[in-house]
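With our numbering as the guide, the letters of the sequence shown map in order to residues 79 to 957.
Treat the hints with care, since some could be wrong.
In silico BS3-like links for lysine-lysine, alpha-carbon gap of 30 Å or less [stated by the list, open to error]:
1. K774 - K749
2. K237 - K398
3. K749 - K773
4. K749 - K695
5. K370 - K284
6. K398 - K370
7. K237 - K370
8. K284 - K398
9. K284 - K237
The set of hints was computed from the structure by calculation and includes no laboratory data.
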Amino acid sequence: MAALPGGTVTLLFTDIEGSTTLLNALGEDYSDVLLLHQRLLRRSFEAHGGIEVDTQGDAFFVVFSRVADALAAAVAAQRALASALWPQGKPVRVRMGLHTGEPVLTGDHYVGIDVHRAARICASGHGGQVLFSQTVRELIGTHLPPGTDVEDLGEHRLKDLRQPEHVYQLSLEGHRSDWPPLRSLDIPTNLPAQLTAFVGRPRESKALGALLTTDGIHLATLTGPGGSGKTRLAVRVATEILEQFPDGVFFVPLAPVREPGLVASAIAAQLGLQDSGELPLGDLLVGHLRHKSMLLVLDNFEQILDAATLVSQLVTACPKLTVLATSRARLHLSGEHEYPVPPLEVPDARSLPPLADLGQYEAVRLFIERARAAAPDFAIDNDNAPAVAEICQRLDGLPLAIELAAARVKLLPPRAMLGRLESRLSLLTGGSRDAPARQRTLRHTLDWSYSLLEANEQVLLARLAIFVGGFTLSAAETICVTRGDIDVFEHLSSLVDKSLLRQSMEESADDPRFSMLETVREYALERLEDSGEIEALGQRHARYFLELAEAADPQLRGPDQIAWLTRLESELGNLRAALGWSLGDPGNEDRVETALRFTAALGWFWYTHGHLLEGCKWLEETLARSRERSDGLRARPLHVLGVLMDQRNEPQRAMALFEESLSLQRQLDSKPLMATSLNSYGVAARSAGDFSFAKKLWAESMELRRELGDRNGMSTTLGNLGVLAVDEGDVDAAESYLEESLAIDREHGDGWGEAINLCNLAVVALERDDHELASRRARRALELLHDLGDRDAIAECLETMTGVLNRTGEHTRATRMAGAAEVLRTSIGARRTAADERRFEAYLKPAREALSDTHFQAAWLQGGRMPLEAVIEDALATG
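Using the sequences and the hints given, assemble the complete structure.
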């Protein structure tokens, strides 16, 4: 497809009038009719320079660089349709609508109000009719296509367009010209005009529209935090379903109303009712609405929730009335259907799609559109796309926050803006002068929500800001209560109800989880700092999560390891915050001790869950702060750092760390840790190529482990001996060691150990040219590791699968697997040892020889770009 033109273009929409009726009449012939219709239209459009943007069923969306070409194409298409021989003699009648404007070009499609205008002009017509906008009329002037004339159809209110649209008809000589009236709107409404295009939310719009037009549903409430776009969505949906309410759709702005008793007056004013004083206003409204099929949009109900009884009175007494409320809290009425408004879709800033696909994300499209309003030459490119994506992500996909950020793009390019988002409440100001005061800055929006909370709710919201990345109910009850001063359970429920917290939808029978948008958390953290409680809360928070880390540590090599690893991963933000607090006061020995205990407990989690670089950072800082200490608390962090350094293929540094750790352990006669460190020391010696020293260390470790009866530890050492035997070419010994290790791991329910052994046994099978057995073992290991989340071990398994696939002739897939493994290792900072590197290159050699350089590089890059889930699915599909 040719590149879509930017700037001023003419948009042409078409569809078949009565396509469903035609389908029913033609039956199986309809598919032939549809194909002929598409062929005739494409031929006409292409002959006049049209570029097809989208085709769905019987509808076309085509763009032209010149308005004259667009009109000529429409004429050619209508003449071709009229002269065609249609099956069963049933003609196809196509309506067409044109508009010239400057839509926003995002990737492979256009967005903006100009697109909607063209589509709605088309939808207002009849089959065979060509309609166009005032802009087209002004541009074409007297240069009409031959054999055509223009008829002025006047102004019409069209669906989705709040201002009347001046519509013109292009009459074709020899074709019908006596059309019925346009399908325009004559339903009374006061819905506010939207001066900027509505972006995204197609699923929400469709679902909410269906909800409001379902028999028996009379009350729906859009809920969400300030700035989430509740009002815009409500107006959008109300506009789309306007025709379903013949007595009108009316918008009632309630933000200025602070007294519940004044809500009836606000509704009456929008309906044009006069209060004569003869009847209570509630009765006056009931009398007016009792028999009307009407939609009332009650906007910003949160500050007058006591007026919900009036809403109940209206929907109970008026059977054809439907109410759509927007509120930061639900109304708590019988028959109410709550519809939480989600944030806009945001891309993962760590794994961006191609530039052309970024526009599929609603938040990015909104940023682009609003940025162009501030700086017309703004364009997203490879340089600024990562910053735009991260801005949208860090602003939680909140429409108001994104609009305020985009408005700053003239002063701050995206990369510069990103650096200032740590203080987003100060940055995101300067909204439109005609917006309500609470929406001109993000801080004002949050001030409004905060002011509506009860005093204890304000206290709890501030205290909850101590959590990072969410929290469980039990954590909140343990950390956020000071001598029983607040009821956490009761107030948590209220904060969820008022859209300041979100409850996780994941099943959790015993401990529900909650989260807070980062924009809300930043605001709440300011309130916490003002309260003077932050030091005490930080201490309780660190103590709670230290206890969690230490409780999890011994469970990470047993039958419950997946549950514990998953729990630690879900609390990663809190663990980071607690560690940061522990290191926040260098002179405080109690805090340093907390950090030492943290880094000791989290070592295995960092090792198996791909947090290698982060773990090293915390360990190095903690050990530097505790350099003067000579107690045993440093021994295990030294050991853990040695393990992670060896994983980074820095064996010499790892060995030095193990020596220092073992020195402390021997002073303390800490045999369990000594056995573990000797084993890890041996792994580092193997990485350094000193196989004999590795065997000596493992023998010493094994002796201690037998003495201690540590069968899990024995399994680990046996597995390491098996790997070394492979290095030395003794596959029989390797298989013996690995099988014995595997049996122990299965006996103890250690899924991680089982996976590692299976992966190494797959290598043994490859050495014996048993490709089927190697594939089966590697695939089972991958299944286990996928559940565990060990990305380094997954990379090893993918490398083994590279060998399997290459030896069975699947060179392209093998290369994809290798490319994926390389990117995975790079992402976590893990590197292969020299022995593993030699084996990997041997696995890869058949692909290098069988594929051209271009083919090899393309497959390698493709694997590196594939999501990990897709790579694993590909590997598991191997027969």
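Tested hints:
1. K774 - K749: OK: K774 and K749 at ~17 Å, within 30 Å.
2. K237 - K398: holds (22 Å)
3. K749 - K773: holds (19 Å)
4. K749 - K695: holds (28 Å)
5. K370 - K284: holds (24 Å)
6. K398 - K370: The hint holds at about 6 Å.
7. K237 - K370: Status holds; Cα separation ~21 Å.
8. K284 - K398: OK: K284 and K398 at ~21 Å, within 30 Å.
9. K284 - K237: Measuring from Cα to Cα gives roughly 15 Å; hence the hint holds.
In terms of the numbered hints stated before, the structure departs from none.
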